[in-house]
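Residue-level listing of the chains:
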Amino acid sequence: MPTVILPPRHYLNDGYGIASWLLTRDHKRIALLYLAAVTFFFFIGGAFAVLIRLELATPVGDLVTDATYNKLFTMHGVMMVFFFLIPVIPSVLGNFLVPIMVGAKDLAFPKLNLASWYIYMVGAAFTTYSIVTGGLDTGWTFYTPFSTVSSTSNVISAALGIFVTGFSSILTGLNFIVTIHRMRAPGMTWFRMPLFLWSTYATSLIMVLGTPVLAITILLVASERMFHFGFFDPALGGDPVLFQHLFWFYSHPAVYIMVLPAMGVISELVAAFCRKKVFGYGFVAFASLGIAVLGFLVWGHHMFVAGQSVYAALIFSILSFLVAIPSAVKVFNWTATMYKGSISWQTPMLYAIGFIGLFTIGGLTGLFLAAVGLDVHVTDTYFIVAHFHYIMVGGTIMGYLGGLHYWWPKISGRLYNEPLAKFSALVIFVGFNLTFFPQFILGYLGMPRRYHAYPPEFQVLNVLSSAGASILGVGYLIPMVYLMWSLRYGRLAGSNPWGAVGLEWTTTSPPPTENFAETPEVTWDAYEYGAPVEGHVA
Amino acid sequence: MLPEAAHHPHNPALAHQFDSLEQQTEAATLGMWVFLVTEVLFFGGLFATYAIYRAWYPTAFAAASHELDVTLGTINTVVLITSSLTMALAVHAAQLAQRKLVLLFLAGTMILGAVFLGIKGVEYYHKFVEHHVPGPGFQFEREYFRHAQLFFSLYFLMTGLHALHMVIGIGIMLVMFWWAWRGTITAEYYSPIEISGLYWHFVDIVWIFLFPLLYLIGRHGP
Numbered sequence: 001m002p003t004v005i006l007p008p009r010h011y012l013n014d015g016y017g018i019a020s021w022l023l024t025r026d027h028k029r030i031a032l033l034y035l036a037a038v039t040f041f042f043f044i045g046g047a048f049a050v051l052i053r054l055e056l057a058t059p060v061g062d063l064v065t066d067a068t069y070n071k072l073f074t075m076h077g078v079m080m081v082f083f084f085l086i087p088v089i090p091s092v093l094g095n096f097l098v099p100i101m102v103g104a105k106d107l108a109f110p111k112l113n114l115a116s117w118y119i120y121m122v123g124a125a126f127t128t129y130s131i132v133t134g135g136l137d138t139g140w141t142f143y144t145p146f147s148t149v150s151s152t153s154n155v156i157s158a159a160l161g162i163f164v165t166g167f168s169s170i171l172t173g174l175n176f177i178v179t180i181h182r183m184r185a186p187g188m189t190w191f192r193m194p195l196f197l198w199s200t201y202a203t204s205l206i207m208v209l210g211t212p213v214l215a216i217t218i219l220l221v222a223s224e225r226m227f228h229f230g231f232f233d234p235a236l237g238g239d240p241v242l243f244q245h246l247f248w249f250y251s252h253p254a255v256y257i258m259v260l261p262a263m264g265v266i267s268e269l270v271a272a273f274c275r276k277k278v279f280g281y282g283f284v285a286f287a288s289l290g291i292a293v294l295g296f297l298v299w300g301h302h303m304f305v306a307g308q309s310v311y312a313a314l315i316f317s318i319l320s321f322l323v324a325i326p327s328a329v330k331v332f333n334w335t336a337t338m339y340k341g342s343i344s345w346q347t348p349m350l351y352a353i354g355f356i357g358l359f360t361i362g363g364l365t366g367l368f369l370a371a372v373g374l375d376v377h378v379t380d381t382y383f384i385v386a387h388f389h390y391i392m393v394g395g396t397i398m399g400y401l402g403g404l405h406y407w408w409p410k411i412s413g414r415l416y417n418e419p420l421a422k423f424s425a426l427v428i429f430v431g432f433n434l435t436f437f438p439q440f441i442l443g444y445l446g447m448p449r450r451y452h453a454y455p456p457e458f459q460v461l462n463v464l465s466s467a468g469a470s471i472l473g474v475g476y477l478i479p480m481v482y483l484m485w486s487l488r489y490g491r492l493a494g495s496n497p498w499g500a501v502g503l504e505w506t507t508t509s510p511p512p513t514e515n516f517a518e519t520p521e522v523t524w525d526a527y528e529y530g531a532p533v534e535g536h537v538a
Numbered sequence: 539m540l541p542e543a544a545h546h547p548h549n550p551a552l553a554h555q556f557d558s559l560e561q562q563t564e565a566a567t568l569g570m571w572v573f574l575v576t577e578v579l580f581f582g583g584l585f586a587t588y589a590i591y592r593a594w595y596p597t598a599f600a601a602a603s604h605e606l607d608v609t610l611g612t613i614n615t616v617v618l619i620t621s622s623l624t625m626a627l628a629v630h631a632a633q634l635a636q637r638k639l640v641l642l643f644l645a646g647t648m649i650l651g652a653v654f655l656g657i658k659g660v661e662y663y664h665k666f667v668e669h670h671v672p673g674p675g676f677q678f679e680r681e682y683f684r685h686a687q688l689f690f691s692l693y694f695l696m697t698g699l700h701a702l703h704m705v706i707g708i709g710i711m712l713v714m715f716w717w718a719w720r721g722t723i724t725a726e727y728y729s730p731i732e733i734s735g736l737y738w739h740f741v742d743i744v745w746i747f748l749f750p751l752l753y754l755i756g757r758h759g760p
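In order, the protein sequence lines correspond to chains W and U. Under our numbering, the first residue of the first sequence is numbered 1, with each subsequent residue one higher. Under our numbering, the first residue of the second sequence is numbered 539, with each subsequent residue one higher.
For the record, the hints were derived by calculation from the structure and aren't laboratory data. All values reported here derive from a predicted model rather than from experimental measurement. Glycine included, each C-beta is placed from N, C-alpha and C at the ideal position. Be aware that one or more of the hints could be misleading.
[Stated by the list, open to error] Covered stretches of chain W, going by a simulated chain U footprint (3 or more residues, C-beta under 8 Å):
1) 208-216
2) 234-248
[Said to hold, decoys possible] Simulated DEER-style distance windows between Cβ atoms:
3) W:L477 to U:A725: 48 to 54 Å
4) U:G698 to W:A306: 48 to 54 Å
5) U:I706 to W:A36: 27 to 33 Å
6) W:R488 to U:H739: 50 to 56 Å
7) U:L712 to W:T65: 51 to 57 Å
8) W:M226 to U:I743: 27 to 33 Å
9) U:G673 to W:A125: 27 to 33 Å
10) U:Q677 to W:V50: 50 to 56 Å
One chain only, chain U, in its complex shape:
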């Protein structure tokens, strides 16, 4: 330890490369924002692919979209938005050092995330039973067969990657839960919860784009 560091009180959460907790928080927050930018580009490649094929094959995409379960999709959207609320409440509680509330809201966030994944699993199962999984077993109206398969390829890839991000998010929340439990999170050092919250909200926002693009196209008009 450097001699001058011994003079002033030193938060155990402060990493050696930083001069102050404030600098550490700023760095971590910027780091998460930059990471989310990379995520935008990552999903952006898929959205671009989707946009091109939907522009080329609008009727096939609308027909394939009709096979998705809007009710379950809507329920899942509500579940996910609610999980963003509990996440925001967890951050708020962390700022006020209300440890029990932090634990409660983090648990709520994780449970809602798990419910989302469960419903998604049910939907995947339905698609499997209905032979809408791309590959040799794929079945669809003859007219739209090839392009509907493209739609479902994109559907599984986009929602699958989103689900993977959800799983990672729940993993992060478990760590946060553990940190809040053992008292690492304090009113002075709550940035881990805040930064994890940024990630969670981002994953939600991806779904807010996926839901209309995949479930709701072709449902307007006659």
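Chain W extracted, bound-state conformation:
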């Protein structure tokens, strides 16, 4: 076995000091800037979740008042959705990997990429301002007329924060689209691209097409609140349901902004740890685009009880069922990839398996909600809460953590503590299910969401959920510790610790600033396992 040494020059030692980071145009460093920022906001959002679960441990509202509780779930939602879930995989893993996977030196617009990070931070500052000056109580959905007329909390700065952050998302998507179109290395055809790029491309399309509509909607809410324009106020001739249409036109596709990149990560992980080409590559690639397109046609299923016409509800219901097809294509193809694969149970693979199981539960319960009759029964109950947490936490965060573990040796050049990582993956899986599975039952039994008190017969399930949340919290803290620890003390990874294929594993760990010593020329398809792997040292 050859001795593993760090490359003498790589992106982490190419310049030191705070300015070399804050003014960097290197996509890999910008990815790390995002990593620090989203992790910070994840723990802020998590702190609100802790308070929510503490309050719900007992049936009476004893820890916080109802008004404070409204603020807690609002700020949990706003922080997690807009400042963690939407940016996390594209901005951290996407930023790091897209240029390397296409075989380029950087994204097409490096300065714009850095600007995106600053825009994100400015947006976060606005929203944080509204949190520290009394909080926000509109729910993350900003429903009118509460957000425009009734709420006494600081809606305008929170809304402006989300408006501004939206541009970070738009510019990131734009950068990825142009990079994938125009920066692919010689021989890297569309159908040789890793599936992570396909899903990132589909995600970018949603970011570019959906986010502007959210931006204008949020602008309408803020201007209505400031100048009493009346677009969404029935007293002035406006219509609150119009707000819901505009809001969900973005915010339903936004769910796919969160989960599509995670699906891309899972395709990479399953191939790498089963040592097999992804089954039905073309189907998985087009399923990503299919989800992106269908995602724009289903927003009305958020308004089944909002006075939408029966016929519209019927059509939105059918279209929502259609999303199950490309989603199921992916799940079946991942399982088919695992079939007769040479599976190694390393940490990223554990997360991948966790994703597939939890996403399937989240997806199937989504079909319950697409059925108009059932949806009316469980609207605004904990069933909904459980459903979307299975997708966002069980899906997106599992995929993100799996990807972070898989590419961590590439990012840092070092290996983390594998037994500890496996243990924490298990803790997260157990904690997650204990937190959210009881919520399906609670919702089905009729416990409404967004109340700080509940009838005593729901207490057992709520205590289970709160207990699960504390386990989940510990599960998220352990990786923080051993990943940081590995930066200094971890064993050196070498360029290809997993023996995986893909351009990112052909360059050094950490990669040089321009990613490759010379522009690669691609003559192979994605996931060509079976052929001897160069540079495999594990």
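Chain W is fixed; fit chain U onto it per the hints.
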């Protein structure tokens, strides 16, 4: 610098992440087109809102539209279309590396843009004097009061956002003017002018939709 990059002559405008100026131009052009798509969606939200309320309150919208100054609106439309012409001429001159003409046409574009904004300001002032600005001071015929206020809210928001895009456009043209002045723009590398032109034309096209929707409704027929 990579060793092989030293071998062939290297345009100073070529950014390090690109292999050739051609690739750089293609990327920048695609980037601008994608950006314009996001702009279509951005204004699309407003147009959708407009379409719904106009369909609900056609008579009030027609009555409110009558209060707008069609003469100034028409003049502004002509001004803006002319600025698109000077913009196109600037791109053409840049392709032929006629530096003086580039500067002349860019200046013309900026001046026409400024004239547009000036006339828009005069119109805003008239609306202010006539108490047609939505809010506590708003005045209108009793019958249409509420819905005319919706119309004027949309009017100010849509033309205001359009004007903001004009201001940004003039800012971009100033940068282009400076680049053309100091000689960054060459026959080999004129894509910045071309791409800025795409943006300018887009902002014009938005106005081409805004003008009939806001100024001309209810002026046909009896």
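- Which hint numbers does the structure go against, in order from smallest to largest? Numbers 3 and 4, in rising order.
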